[in-house]
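Residue-level listing of the chains:
There are 2 protein chains.
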Amino acid sequence: MSPSDTAGDKDKSSPPNSVQLPDGPNHLKKYRTLEVISNVIKTVGTAPSGAHTEPWTFVVVKDPNMKHKIWEIIEEEEEINYMKRMGQRWVSDLKKLRTTWIKEYLDTAPVPILIFKQVHDFATNGKKKAHYYNEISISISCGILLAALQNAGLVTVTTTPLNCGPRLRMLLARPHNEKLLMLLPAGYPSKEVTIPNLKRKPLDQIMVIL
Amino acid sequence: MSPSDTAGDKDKSSPPNSVQLPDGPNHLKKYRTLEVISNVIKTVGTAPSGAHTEPWTFVVVKDPNMKHKIWEIIEEEEEINYMKRMGQRWVSDLKKLRTTWIKEYLDTAPVPILIFKQVHDFATNGKKKAHYYNEISISISCGILLAALQNAGLVTVTTTPLNCGPRLRMLLARPHNEKLLMLLPAGYPSKEVTIPNLKRKPLDQIMVIL
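Protein chains in written order, with this note's numbering: chain A, 1 to 210; chain B, 1 to 210.
Some hints could be false.
[What the hints assert, rightly or not] 16 angstroms max Cα-Cα, derived EDC-like pairs, lysine to aspartate or glutamate:
#1 B:Lys42 x A:Asp204
#2 B:Lys127 x A:Asp93
#3 B:Lys69 x B:Glu104
#4 A:Lys127 x B:Asp93
#5 A:Lys201 x B:Asp121
[As the list claims (entries may be wrong)] Taking beta-carbon pairs under 7 angstroms as the criterion, some of the chain B residues facing chain A (in silico):
#6 His52
#7 Phe58
#8 Val60
#9 Val61
#10 Met66
#11 Met83
#12 Val91
#13 Ile136
#14 Ser139
#15 Asp204
#16 Met207
[Said to hold, decoys possible] Computed footprint of chain A on chain B; a stretch qualifies when at least three of its residues, placed anywhere within it, have a C-beta under 8 angstroms from a C-beta of chain A:
#17 100–110
#18 121–134
#19 144–156
In case anyone wonders, no lab produced these hints; they're calculated from the structure.
These numbers were taken from a predicted model, which means no experiment stands behind them.
Every residue, glycine too, gets a C-beta built ideally from N, C-alpha and C.
I would like the entire structure built from these sequences, with the hints used as guidance.
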């Protein structure tokens, strides 16, 4: 299927980029942020998936205590990742991006979105129902999520909390058939934001025309 | 990194949706299609990737003979997939989507895009260079590709040519470190197009707010 097949969908709510954001008080902006993110996730739900199995759950965290607990778990595990598990080469390959296990943005970003892939589902008879190509499918949905967030004026950063999956799954009370794939801390850019000036491969290195 | 970090990029060509398509003769439309797809791939090249390794090659096929050969390989392998390799359950799970090994659209779609993931790269000393999270990274880029194609008025369908990778890699002369992930036949919709009216899970089944 193609993303365009939503044209047949009767349920036509506003696309995410049609929501106008007021420059109002913070609580109002926070309310609108959740409204925008709900529309974004609805858009993401139109992503294609293997045999149309839709193998995804998006956990949007607004509770400050929960956000703080997520941050604590990730920094604990990431310190062990950087110090022991990832190996010198990986840590060295990340140096130019200046990432470390310190991730204070997890505590300050308005809305972390945790993306869980459903490695299988259950049929009505209780048997496992296969989710074909579930990792590719949910990663495609993440690409559409990134595009939709940006389209709505939100910003984020892709993070893959290595070895944090089981603890975060327990904390967020997600079932055993779900595995954490990615965490996107989403919000509006701060006025002081700076962004890394990453160079990309030129077009003729990534595209071949035959 | 976030997709928004391209703001630092000096190379500002037109975004894909700024290209106006003429209702001219077919050869002109074909020329513009390639121009639009080049801009789309340029956009996709801003996708995030593990340690910013950009593990992707997009092969855009315009040569009719090459398209025909790709079609032949895929139908040959897909017939074996459906008859033997996939198993009854998978074939039965696909029945509602009415897909078979007959894929004439591969021969008629103006521009097939074959997406190869680079499972690793080579450092200047000839040693393997790790491409962290390469499958997740390239699948994210496919999600952005789908969004960008749609944004540019093009349509496609996601196909994963099972067991066709090695033959297609040889045909397209791609190196050993690249594996076929997906094929997107891209083009403008025909006037007679119909699209499947797929139902999606409702928002409260894919999004959890905590």
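Going through the hints against the structure:
The suggested pairing of B:Lys42 with A:Asp204 holds, with an alpha-carbon distance near 9 angstroms, which does not exceed 16 angstroms. Restraint check: the Cα-Cα separation between B:Lys127 and A:Asp93 comes to about 14 angstroms, which is no more than 16 angstroms; the hinted pair holds. Restraint check for B:Lys69 and B:Glu104: the C-alpha separation of about 12 angstroms stays at or below 16 angstroms, so the hint holds. Taken as a hint, the A:Lys127 and B:Asp93 pair is honoured in the structure, with Cα atoms around 14 angstroms apart against an allowance of 16 angstroms.
Distance restraint check for A:Lys201 and B:Asp121: the Cα-Cα separation of roughly 13 angstroms lies within the 16 angstroms cut-off, and the hinted pair is therefore satisfied. With a least beta-carbon distance of about 6 angstroms to chain A, the hint placing B:His52 at the interface is held under the 7 angstroms criterion. Nearest Cβ of chain A to the Cβ of B:Phe58: about 5 angstroms, under the 7 angstroms cut. The hint holds. Because the beta carbon of B:Val60 sits about 5 angstroms from the nearest beta carbon in chain A, less than 7 angstroms, this interface hint is met.
Among the interface hints, the one on B:Val61 holds; its C-beta lies about 5 angstroms from the nearest C-beta in chain A, closer than the 7 angstroms criterion. Hint status for B:Met66 relative to chain A: holds, with the closest Cβ pair at about 5 angstroms, below 7 angstroms. For B:Met83, the shortest C-beta to C-beta distance to chain A is roughly 18 angstroms, which exceeds 7 angstroms, and the interface hint is violated. Interface hint status for B:Val91: violated, as the beta-carbon distance to the closest one in chain A is roughly 10 angstroms, over 7 angstroms.
A hinted interface residue such as B:Ile136 counts as satisfied when its beta carbon comes closer than 7 angstroms to some beta carbon of chain A; here the least separation is about 5 angstroms, so the hint holds. Interface restraint check for B:Ser139: the shortest CB-CB distance to chain A comes to about 3 angstroms, inside 7 angstroms, so the restraint holds. For the restraint placing B:Asp204 at the interface with chain A, the shortest Cβ-Cβ distance is roughly 10 angstroms, beyond the 7 angstroms limit, so the hint is violated. Interface hint status for B:Met207: upheld, as the beta-carbon distance to the closest one in chain A is roughly 5 angstroms, under 7 angstroms.
Taking a C-beta to C-beta cut-off of 8 angstroms, the stretch 100–110 of chain B contributes 0 residues in contact with chain A, too few for the three needed, and the coverage statement is violated. Requiring three or more residues with a Cβ within less than 8 angstroms of a Cβ of chain A, the coverage given for the stretch 121–134 of chain B holds, as 3 such residues are present. Proximity of the stretch 144–156 of chain B to chain A, defined as three or more residues with a beta carbon under 8 angstroms from a beta carbon of that chain, is established by the 8 residues found.
Consistency note: the structure conflicts with the earlier hints numbered 11, 12, 15 and 17.
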